[in-house]
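Top to bottom, those sequences are chains A and B. Here the first sequence stands for residues 2 to 439, numbered as in my numbering. Here the second sequence stands for residues 2 to 439, numbered as in my numbering.
In case anyone wonders, no lab produced these hints; they're calculated from the structure. Treat each hint with caution, since some may be false.
For lysine-lysine, the following BS3-like pairs were computed, each having C-alpha atoms within a straight-line distance of at most 25 Å [said to hold, decoys possible]:
hint, chain 1, residue 1, chain 2, residue 2
1, A, Lys435, B, Lys24
2, B, Lys157, A, Lys20
3, A, Lys24, B, Lys258
4, A, Lys435, B, Lys435
5, B, Lys435, A, Lys24
6, B, Lys362, A, Lys157
7, A, Lys362, B, Lys258
8, A, Lys20, B, Lys20
9, A, Lys20, A, Lys258
10, B, Lys157, B, Lys258
11, B, Lys382, A, Lys24
12, B, Lys362, A, Lys362
13, A, Lys258, B, Lys362
Covered stretches of chain A, as calculated for chain B (at least 3 residues, CB under 8 Å) [claimed, not checked]:
hint, stretch
14, 6–15
15, 93–100
16, 106–115
17, 233–241
18, 330–343
19, 371–384
20, 404–417
Ideal placement from N, C-alpha and C gives every residue a C-beta, glycine not left out.
2 protein chains.
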Amino acid sequence: MSLPTQPYKGARDFYPEDKRIQKYMFRTIRGAVESFGYEEYDAPILEPLELYLAKSGEEIVNEQTYAFTDRGGRQVAIRPEMTPTVSRMVAARRQELSYPLRWYSIPNLWRYERPQRGRLREHWQLNVDLFGLDGVQTESETISVADTILRSFGAKRSMYEIRLNHRGLVDYMLGQYLGLDAVQSHSMAKLIDRMAKMDTATFEMQADAICTPGQREQGTLQALLALLHTKELSHLPDQLKVHPAVQDLDSLITSLKDGGVTNVRFDVTLMRGFDYYTGIIFEVFDLNPENNRSMFGGGRYDGLVGLFGVEPVATVGFGMGDVTLQNFLESHGLLPELACDTDLYVVLIGDVTAPAARVVKEMRDNGLRVAVDYSGRKPDKQIKVASKKGIPYVLFIGERELQDEIYVLRNLVSGEEERHGVARIVSLVEDHRKHDDR
Amino acid sequence: MSLPTQPYKGARDFYPEDKRIQKYMFRTIRGAVESFGYEEYDAPILEPLELYLAKSGEEIVNEQTYAFTDRGGRQVAIRPEMTPTVSRMVAARRQELSYPLRWYSIPNLWRYERPQRGRLREHWQLNVDLFGLDGVQTESETISVADTILRSFGAKRSMYEIRLNHRGLVDYMLGQYLGLDAVQSHSMAKLIDRMAKMDTATFEMQADAICTPGQREQGTLQALLALLHTKELSHLPDQLKVHPAVQDLDSLITSLKDGGVTNVRFDVTLMRGFDYYTGIIFEVFDLNPENNRSMFGGGRYDGLVGLFGVEPVATVGFGMGDVTLQNFLESHGLLPELACDTDLYVVLIGDVTAPAARVVKEMRDNGLRVAVDYSGRKPDKQIKVASKKGIPYVLFIGERELQDEIYVLRNLVSGEEERHGVARIVSLVEDHRKHDDR
Numbered sequence: 002m003s004l005p006t007q008p009y010k011g012a013r014d015f016y017p018e019d020k021r022i023q024k025y026m027f028r029t030i031r032g033a034v035e036s037f038g039y040e041e042y043d044a045p046i047l048e049p050l051e052l053y054l055a056k057s058g059e060e061i062v063n064e065q066t067y068a069f070t071d072r073g074g075r076q077v078a079i080r081p082e083m084t085p086t087v088s089r090m091v092a093a094r095r096q097e098l099s100y101p102l103r104w105y106s107i108p109n110l111w112r113y114e115r116p117q118r119g120r121l122r123e124h125w126q127l128n129v130d131l132f133g134l135d136g137v138q139t140e141s142e143t144i145s146v147a148d149t150i151l152r153s154f155g156a157k158r159s160m161y162e163i164r165l166n167h168r169g170l171v172d173y174m175l176g177q178y179l180g181l182d183a184v185q186s187h188s189m190a191k192l193i194d195r196m197a198k199m200d201t202a203t204f205e206m207q208a209d210a211i212c213t214p215g216q217r218e219q220g221t222l223q224a225l226l227a228l229l230h231t232k233e234l235s236h237l238p239d240q241l242k243v244h245p246a247v248q249d250l251d252s253l254i255t256s257l258k259d260g261g262v263t264n265v266r267f268d269v270t271l272m273r274g275f276d277y278y279t280g281i282i283f284e285v286f287d288l289n290p291e292n293n294r295s296m297f298g299g300g301r302y303d304g305l306v307g308l309f310g311v312e313p314v315a316t317v318g319f320g321m322g323d324v325t326l327q328n329f330l331e332s333h334g335l336l337p338e339l340a341c342d343t344d345l346y347v348v349l350i351g352d353v354t355a356p357a358a359r360v361v362k363e364m365r366d367n368g369l370r371v372a373v374d375y376s377g378r379k380p381d382k383q384i385k386v387a388s389k390k391g392i393p394y395v396l397f398i399g400e401r402e403l404q405d406e407i408y409v410l411r412n413l414v415s416g417e418e419e420r421h422g423v424a425r426i427v428s429l430v431e432d433h434r435k436h437d438d439r
Numbered sequence: 002m003s004l005p006t007q008p009y010k011g012a013r014d015f016y017p018e019d020k021r022i023q024k025y026m027f028r029t030i031r032g033a034v035e036s037f038g039y040e041e042y043d044a045p046i047l048e049p050l051e052l053y054l055a056k057s058g059e060e061i062v063n064e065q066t067y068a069f070t071d072r073g074g075r076q077v078a079i080r081p082e083m084t085p086t087v088s089r090m091v092a093a094r095r096q097e098l099s100y101p102l103r104w105y106s107i108p109n110l111w112r113y114e115r116p117q118r119g120r121l122r123e124h125w126q127l128n129v130d131l132f133g134l135d136g137v138q139t140e141s142e143t144i145s146v147a148d149t150i151l152r153s154f155g156a157k158r159s160m161y162e163i164r165l166n167h168r169g170l171v172d173y174m175l176g177q178y179l180g181l182d183a184v185q186s187h188s189m190a191k192l193i194d195r196m197a198k199m200d201t202a203t204f205e206m207q208a209d210a211i212c213t214p215g216q217r218e219q220g221t222l223q224a225l226l227a228l229l230h231t232k233e234l235s236h237l238p239d240q241l242k243v244h245p246a247v248q249d250l251d252s253l254i255t256s257l258k259d260g261g262v263t264n265v266r267f268d269v270t271l272m273r274g275f276d277y278y279t280g281i282i283f284e285v286f287d288l289n290p291e292n293n294r295s296m297f298g299g300g301r302y303d304g305l306v307g308l309f310g311v312e313p314v315a316t317v318g319f320g321m322g323d324v325t326l327q328n329f330l331e332s333h334g335l336l337p338e339l340a341c342d343t344d345l346y347v348v349l350i351g352d353v354t355a356p357a358a359r360v361v362k363e364m365r366d367n368g369l370r371v372a373v374d375y376s377g378r379k380p381d382k383q384i385k386v387a388s389k390k391g392i393p394y395v396l397f398i399g400e401r402e403l404q405d406e407i408y409v410l411r412n413l414v415s416g417e418e419e420r421h422g423v424a425r426i427v428s429l430v431e432d433h434r435k436h437d438d439r
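The following block holds chain A by itself, in its conformation from the complex:
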């Protein structure tokens, strides 16, 4: 019986042509994030299970976590998200670290769920976090980082929109303003979070079911529905407008627009799934009519580091998944054709392996990426292999070439052949690579 060749369900093999895309995406992301002074960190994929019991959404821990007991009897989980881990790391060195702390990571995360478009069991997620700063300048920077990443891929502001809300405003709105108690508020927030996925009648029916008879009489549902239709901060009822969260949202929108981030708006229906957010929250939406949906988001979560028994740290962060990002780039035609990283394929004419090795070494020492075909097959066959791999040049080396120190360089795209010494070949191929690089 032979072994199966497919990867584990809901996870991906990355063949070189797939890995090339991932590397391009991560390189672009790193460039954008590091331009804001963020430094990369990392951590083990296994964590104690209890790390996720405290503050993640219940669904994630109960149904979606890859959890098991290790050979030493410890309950462990393959990380389903990075936020608890980074909070743990900050807490471990709470006193030694110098704030503000700008950290990012691109970990792989696992969730047991039914694989579907944009949702896989294993995905990579950029995590960007800024620790140790209060004030909306923090949120403004974090959102600017997200915006800069998308712009670095060539996205236009008409392709996506950044929507903002504030957990403090949500709590005040559902509690003091509408008069719901804590349990009702929690249910209502969860319902609003799913609102876009149901029709109006269903939403209203379920919202009505959360209200008490007294609230129904007072018109609580109508007040809620009116609120949920509010598109601008300035259209909020006066009682809400004076809430400090509204001032913060207003300053944030001004700061972002000042910085050229014009595609930003208040969205009273934005809730975010995780329970740990404490202030401003945001989500980035794809505006492609065929794929109009939330891509990623984040917000302020000042409480997590404190769960580890140290003084809490003000924190704003976001996570951006690779699958969603790649779908966005593809659907907007933003993913470039990526050439093979190998510059040159050497075809040996005759038994010249040993002397040719010296020429090849000289080219490598000068920075070229050179593959050699030792198969002894006919040159035509070897050229075909190079071409199929997407390598731009073939170099022929035979006895005569070694004697003259002049080699035949063929451009596999144009078919042109030139004869040059090593130095000229190196500079020609490097020029081609620079021209091709993005």
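Keeping the supplied structure of chain A fixed, place chain B upon it in accordance with the hints.
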């Protein structure tokens, strides 16, 4: 009760200063490997458990694998090695791929073992594989890749040694030459593999125990001991010298020495742990007297792809672990001091966040990595933070600076201050970074 802050036992948190070392190591490795035309691939960390039952060493599957049953009832493992995975991937596209295939990956691997120097539960391992070529030129290239990696870190050939053997020679030596049967041969090979870790008397006693009374009478043990003391291919008994494996080893040593890899020698005691090797095997030894041990190795394993029900593919590969490599680099003083990736720390004088943002954006658009301190603390305190983070420059921006478009740049190492416009600042800082880059 508060949550614990330490990472999972035997695994590492990578704070930015640790991640910087890892990134430097991986960047150097990628540069060396890609110069030989290798392309990067990747795969999920979870694989079906059965993938490891077929050909890995027994110890790994039975005692060291992180295995569990997923929520769908599948038996899965967190990969303890990459070779079965890459074989699976090649098998899945056996017909479509064009050979030779040069692939590499730097996956994280998990083994449940007692953490100790050089051995952790999670480590990263470079895997380099060359598929589809027979002939010692394949081994010569693969070993040259390993050598080039170490040389790229600045290692001298006197710091390490490459030792070679051949599974075909081992089998012939133990079987036809010494007359051991298959079971005895297997036990003897395992014993020789552990030989360096025991004293001579223990080894001889255990080797003797494997022999039959008849073999003892014939002097099999003495013949074995004589063999194990052989340091050169040319000193082997004539009956072994004519074996094709000896010719191959001889050609390989010549080819490597021709290419400048002079620190290579035949080692008849070299066995390698994994059962899947079929031809030449090699290991790289640290020659540091305080740390004299095998660092990593590889060899030819032509059979693995065939386990997936397709035609086998000739394969040579090796794996190199990050912990061992880092120990080697540290013990030989080869790990450089690595500067923080952030170029510039902006200290705002007064309430100039909004206008300063435009200056900062211009610097970022020109390629600088710029962090801004929005804390409003005293400049001295902000400078201290920059200095502690290892950022080379501080830039002061206040109202007067914004008016003049001339900013104060302080080099935190020399303490020197200069006043310049944005363009000059960008070129100064970029020059510094280039000078500092390795």
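Hints, one by one, checked against the model:
1. With a C-alpha separation of about 23 Å, the suggested pairing of Lys435 of chain A with Lys24 of chain B holds against the 25 Å cut-off.
2. As the CA atoms of Lys157 of chain B and Lys20 of chain A are separated by approximately 33 Å, the hinted pair breaks the 25 Å bound.
3. About 36 Å separates the Cα atoms of Lys24 of chain A and Lys258 of chain B, which puts this hinted pair outside 25 Å; it is violated.
4. Restraint check for Lys435 of chain A and Lys435 of chain B: the C-alpha separation of about 18 Å stays at or below 25 Å, so the hint holds.
5. At roughly 23 Å between alpha-carbon atoms, Lys435 of chain B and Lys24 of chain A fall within 25 Å of each other, so this suggested pair holds.
6. Taking the CA atoms of Lys362 of chain B and Lys157 of chain A, the gap is about 18 Å. The hint holds against a cut of 25 Å.
7. A hinted pair counts as satisfied when its Cα atoms are at most 25 Å apart, and Lys362 of chain A with Lys258 of chain B qualifies at roughly 14 Å.
8. Among the hinted pairs, Lys20 of chain A with Lys20 of chain B is consistent with the structure: their alpha-carbon atoms are about 21 Å apart, no more than 25 Å.
9. Restraint check for Lys20 of chain A and Lys258 of chain A: the C-alpha separation of about 36 Å exceeds 25 Å, so the hint is violated.
10. Straight-line distance between C-alpha atoms of Lys157 of chain B and Lys258 of chain B comes to about 15 Å, which keeps the hinted pair within the 25 Å bound.
11. In summary, the hint linking Lys382 of chain B to Lys24 of chain A is not supported, as the alpha carbons are separated by about 38 Å, beyond the 25 Å threshold.
12. Between Lys362 of chain B and Lys362 of chain A the CA atoms are separated by roughly 43 Å; this puts the pair beyond 25 Å, and the hint is violated.
13. Taken as a hint, the Lys258 of chain A and Lys362 of chain B pair is honoured in the structure, with Cα atoms around 14 Å apart against an allowance of 25 Å.
14. Counting residues of the stretch 6–15 of chain A whose beta-carbon sits less than 8 Å from any beta-carbon of chain B gives 9, enough to reach three: the coverage restraint holds.
15. Only residues whose beta carbon comes within less than 8 Å of a beta carbon in chain B count, and the stretch 93–100 of chain A has 4; three or more means the coverage holds.
16. Three residues within the 8 Å Cβ limit are the bar, and the stretch 106–115 of chain A against chain B gives 3, so the coverage statement holds.
17. Look at the stretch 233–241 of chain A against chain B: 0 of its residues bring a Cβ nearer than 8 Å to a Cβ of that chain, fewer than three, so the hint is violated.
18. Figure legend: the stretch 330–343 of chain A, annotated as covered by chain B; annotation consistent (3 residues with Cβ-Cβ distances under 8 Å, at least 3 required).
19. Counting residues of the stretch 371–384 of chain A whose CB lies closer than 8 Å to any CB of chain B gives 6, which reaches the minimum of 3, so the coverage claim holds.
20. Coverage of the stretch 404–417 of chain A by chain B is violated in this model, with 0 residues showing a Cβ closer than 8 Å to a Cβ of that chain against a need of three.
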